[in-house]
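Enquirer: As they're listed, the protein sequences go chains A, B, C and D.
Using this note's numbering, read the first sequence as starting at 1 and increasing by one per residue.
Using this note's numbering, read the second sequence as starting at 1 and increasing by one per residue.
Using this note's numbering, read the third sequence as starting at 1 and increasing by one per residue.
Using this note's numbering, read the fourth sequence as starting at 1 and increasing by one per residue.
Possibly wrong hints are sitting among the right ones.
Claimed, not checked - Straight-line alpha carbon distances no greater than 25 angstroms define the calculated DMTMM-like cross-link-like pairs of lysine to aspartate or glutamate that follow: (1) 115/B / 280/B; (2) 123/B / 29/C; (3) 15/C / 18/D; (4) 329/D / 276/D; (5) 114/D / 157/D; (6) 115/D / 106/B; (7) 133/D / 77/A; (8) 123/D / 29/A; (9) 118/C / 127/A; (10) 219/A / 276/D; (11) 123/D / 291/B; (12) 118/D / 106/B; (13) 22/B / 313/A; (14) 133/A / 216/D; (15) 123/C / 29/A; (16) 220/A / 276/D; (17) 38/C / 276/D; (18) 118/C / 313/A; (19) 296/D / 308/D.
Since the hints were derived computationally from the structure, they do not count as laboratory data.
Here the structure is a predicted model, which means the values were calculated and not measured.
If you want the building blocks of each chain, they are given just below.
Number of protein chains: 4
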Amino acid sequence: MYNLKDDYSEGAHPKIIESLVKSNLVQEDGYSMDSFSKEAIRLLKQELNNDDVDIHFISGGTQTNLLAISSVLRPHEACISATTGHIATHEAGAIEATGHKVIMVDTEDGKLNKKLLKPVLQKYNFEYAVKPKVVYISNPTELGTVYSKEELKSLYDYCLGNNLLLYLDGARLASAIALEEMELSLENINKYSDAFFLGGTKNGALLGEALILSNDEFKKDFRYILKQKGAMLAKGRIMGIQFKTLLEDQLYLKLGAYANGLAKYTNNELRNLGIEFLVDSPSNQIFPILENNLIKELRNSFNFYDWEKISEDKTCIRLVFSWATKEEKVKEFVNIIKNFKGIN
Amino acid sequence: MYNLKDDYSEGAHPKIIESLVKSNLVQEDGYSMDSFSKEAIRLLKQELNNDDVDIHFISGGTQTNLLAISSVLRPHEACISATTGHIATHEAGAIEATGHKVIMVDTEDGKLNKKLLKPVLQKYNFEYAVKPKVVYISNPTELGTVYSKEELKSLYDYCLGNNLLLYLDGARLASAIALEEMELSLENINKYSDAFFLGGTKNGALLGEALILSNDEFKKDFRYILKQKGAMLAKGRIMGIQFKTLLEDQLYLKLGAYANGLAKYTNNELRNLGIEFLVDSPSNQIFPILENNLIKELRNSFNFYDWEKISEDKTCIRLVFSWATKEEKVKEFVNIIKNFKGIN
Amino acid sequence: MYNLKDDYSEGAHPKIIESLVKSNLVQEDGYSMDSFSKEAIRLLKQELNNDDVDIHFISGGTQTNLLAISSVLRPHEACISATTGHIATHEAGAIEATGHKVIMVDTEDGKLNKKLLKPVLQKYNFEYAVKPKVVYISNPTELGTVYSKEELKSLYDYCLGNNLLLYLDGARLASAIALEEMELSLENINKYSDAFFLGGTKNGALLGEALILSNDEFKKDFRYILKQKGAMLAKGRIMGIQFKTLLEDQLYLKLGAYANGLAKYTNNELRNLGIEFLVDSPSNQIFPILENNLIKELRNSFNFYDWEKISEDKTCIRLVFSWATKEEKVKEFVNIIKNFKGIN
Amino acid sequence: MYNLKDDYSEGAHPKIIESLVKSNLVQEDGYSMDSFSKEAIRLLKQELNNDDVDIHFISGGTQTNLLAISSVLRPHEACISATTGHIATHEAGAIEATGHKVIMVDTEDGKLNKKLLKPVLQKYNFEYAVKPKVVYISNPTELGTVYSKEELKSLYDYCLGNNLLLYLDGARLASAIALEEMELSLENINKYSDAFFLGGTKNGALLGEALILSNDEFKKDFRYILKQKGAMLAKGRIMGIQFKTLLEDQLYLKLGAYANGLAKYTNNELRNLGIEFLVDSPSNQIFPILENNLIKELRNSFNFYDWEKISEDKTCIRLVFSWATKEEKVKEFVNIIKNFKGIN
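Construct all of the structure, not just a fragment, from the sequences and the given hints.
Expert: As structure tokens, this is what we get:
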């Protein structure tokens, strides 16, 4: 049985394991003051081509989101998210638990834009309702769609002009950046957001996300915020070592590209077979719509999530590819479909 | 320069590293549903000699404390802690951030008892003040002192009789259990508390604490609580693998005994030199009071914390020993003191 | 200029003022332990035909909602409300500020029912999302529509069968009860809910809502909750005196019936003129759709809220009638419309 | 049985009742936008000799404290209070419920000063602990002691120099201002604080405190904060009318002086009888230490609080005088003591 359920079924990329083994008995300062974390921060700033940012390593995405967002909101301020956004439906009310409403906006493809935000600001403009302050997006989105550089810039400009802060959840950011047609880079993502994170957990690390704060509103006293929410690991070195390794020779980007490649291959093969998709996603998650009979057959050898029932006999499934996914397994998966369709 | 500052200066115990390497590319379910976590839970239940507990792995101590305590409190309920308790002064207001007061009680040695709790319940007995519900202790305490089995039982009985829940922070619990004279074991700690955690981070793991919930008030829906606070790691396996290794052949206990041994050695040697201590602590942290000149000399080769100024020319320092502390380094440390005292 | 904007433009019903004057210099215990509050509670329990409830007087509706709802929720639990519900959009994120998500459900007429709740429970059934616990409704709703006894019973039965608590916001409850066709009474509202409040502010009092808790989950330690949120007034007598007066000879019901009468009169007159309404509301708020020209003319003598733009030349307005609204003013209002329509 | 228990045993001052009666049926805008509130604000600004403040009326003291303090704190910031401070022990954890620690400082007489604050700032200077931001004081304090103008100025200067905000709880402020020797006035209290409130509830109003915000950090969006916590009354007029009346011809000050006069009279008479006091308080609360036998006798005709057991046969009681306390009753009280002492 092979897992195409997610991008966190395995441990860490071998280079990361190697770094952990090698550094294991070196004595270091605790709480992310170790030399590895410092070097990872240096490498990341170099990649951002910007020294004027604060960087913190945090163990997971939900924690990173709640820490960053709650740190800048006054009690009556709120966060705007797509209805499909991770904070809106997959974090068990994490933002609300810090005291703040998540204003949900319906979208076609998981992406927010100026046109969708405008009516929200018109509606939430008075003391009877909460006051929008942070706009939350993820790139790629939870539907695998990607904001291009142009879209991101446009959204950021709108936020800037409307006293909103733009926060970007980059749990799978390497996959987005690795898509050349999007013209993204860590440098321009930093330029067109107030804060964002580069995900490690879903891109080869055992755990860890790198939170980059560029707007001063986020920066002040952030280590207090980390400490208070239990996010400051005694052995912060474990995240420093991993991000140092992911950043050396842009390993993070290579892993993102590899996962994208498998997704694209599968995408193409399935489209050639006339298979439809829930949404057109270029990143490492895809959402094909398959016959229930076919799904049943695939489940003999593969694990994956049912995403949504489409009709009586068709279901949309989610496939996720990662740095660890084996090419031959993907081919095997496609072949089962080809056989089912009578092609082979 | 050698670190005696804390018990988290190195990475993980070599056996843990070995387990991580070995398991690295095995596909597993996420969010602590992996086979390693299941096996670690099985081993821990065996050690507890109790199947009727819920066990969760959480990345650090502050997070474990705030999750467990806030999960059982209604808005007006509060937590009692020694003034020296970790949640009272070293967690940046983590409990208060969940909406609950920490009632602080002055103690002589960091330990709470029936006699200290009684006046608190007499004072906090009316709707003008908060209502005490959870009693927080740590074993060993932040001063290295240890509750014996008898003391723990007595405190638990008092809580039971006064509608209080007893929660035990076991960040360094292995050190306490390894002290035979205390007659402690995971089994009786579980018996005489409503919830407690066995610390991994300070006893050989890269990260991770094992939270054991025995009282049903804590158990219900706890995975929701984990998720909401961002404490459920995608690759929960990293904690499962480590605790499995720590529990096999009671490795956790051997590491605790080793650290205690170095502390005891140092303790004895220093007492023989007439050196006084802030408090009589049998566990892996000790608090000798040294001349400032001597401290200056020690700092040429060793790192450690100044704990408290005692007089113009004397200071109490904290020394921490761990599974990774080298015997010859400890001897070197003691020898510097002997030389200073003109003994050698 | 005459106000038809709301039901809180005047002070208190003359009988209430009389009671306040008469009792003014009598010494009484503070914090709602006064004899007037006790008598009001006695009268209310008599009206409920139930002695096994706890009753608290609270200064306003938003505060009552947030106190009651937050008192029974654990951190991961949430509240379900119609999208038009007061807590969903008109309380500035009051519930979220206590740490809990409000799950919003679209409705046709502001009312929830079994059919609308079922898919919510199907979706929110796992630790990734919050866990629904309280169902919030208001009767009448924010659209003036009313749950009949039958509808309320059916909803309550559904909640009972699905481990949900039903909480009813009765800011304008007297208006609903005064509608005979709904077969409502304080007695059956109490029977078919876990907690509810009878509004005073919008029905003749200067301030005050009477919160009735019948389910034990709400009752315990509620005075702590009141105190902690600053809701326990030193001179609680001011609410006791008012509710005592409102309950004597069912004054509350007479005031509700009076307001309903004016609404019904206006409703009938306008329908006879062929005017359409946004929704069919039998209570003291109505929502006619008028030509903008007519609205402009009405505004020469009357104040009221624009509710919603319907088309280029038509707007829905909200008219609210109360115990204090003068009949001749309502007739004057209707006459302006008749003149505009060329009837008079 | 006559009450000397508190200053809220009666209703409102007759002039206030008169104003309520007179204004009762006038239509006004809701939510403190009425003409009475506007006039009260105008009068208060005149009294402050300052136009650059924001003023809000809130129903009670605990609510005012929690609203103001929580509105300016980021998650990791805290409030400093005397251990005897109202927020520290008499508000059921109201501040903590908003997520913030109250750092408690032991004092001799309930008053904070530079010397007491300095060690707090030295201790709380690092991310392991919360970060002090607001200093809470009350004037008069909970022990009836009073900060003079000079003491207030000195404390404010210290706060200004240490990045702290000074917030003053003025539940009984009129009593403090009415003491000429303190050289206080609304004008200089405003000058030497960042925010404060002038209490109405304990000085002749049915309910209501006037919160004055002078520092811009407090001002922004405060109506959102009011709304979110349920503190914005629909009939805000009830507070506007009362404060308008209290401010006209400085009625508030006359009532404060009257209460002080009775306290002073009692104080003098008792001191002449050799009776000792817990603390030397010049304001409307006094704390004599009496024989238990005497107390028993007084209780035949008077109600008052036992404050603290002093010895086996002596207890400190609290006596509170107000605008409504009758002179002849106070004389009667003193006479019982004189008789007991064998003087009469």
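Enquirer: Look at each hint and say if it fits the structure.
Expert: Hints and how they fare:
no.: 1; hint: 115/B / 280/B; result: holds, 21 angstroms
no.: 2; hint: 123/B / 29/C; result: holds, 22 angstroms
no.: 3; hint: 15/C / 18/D; result: holds, 15 angstroms
no.: 4; hint: 329/D / 276/D; result: holds, 22 angstroms
no.: 5; hint: 114/D / 157/D; result: holds, 9 angstroms
no.: 6; hint: 115/D / 106/B; result: holds, 22 angstroms
no.: 7; hint: 133/D / 77/A; result: holds, 20 angstroms
no.: 8; hint: 123/D / 29/A; result: holds, 22 angstroms
no.: 9; hint: 118/C / 127/A; result: violated, 33 angstroms
no.: 10; hint: 219/A / 276/D; result: violated, 55 angstroms
no.: 11; hint: 123/D / 291/B; result: holds, 23 angstroms
no.: 12; hint: 118/D / 106/B; result: holds, 21 angstroms
no.: 13; hint: 22/B / 313/A; result: violated, 43 angstroms
no.: 14; hint: 133/A / 216/D; result: holds, 19 angstroms
no.: 15; hint: 123/C / 29/A; result: violated, 45 angstroms
no.: 16; hint: 220/A / 276/D; result: violated, 52 angstroms
no.: 17; hint: 38/C / 276/D; result: violated, 39 angstroms
no.: 18; hint: 118/C / 313/A; result: holds, 23 angstroms
no.: 19; hint: 296/D / 308/D; result: holds, 15 angstroms
Violated hints for the displayed structure, listed by number in ascending order: 9, 10, 13, 15, 16, 17.
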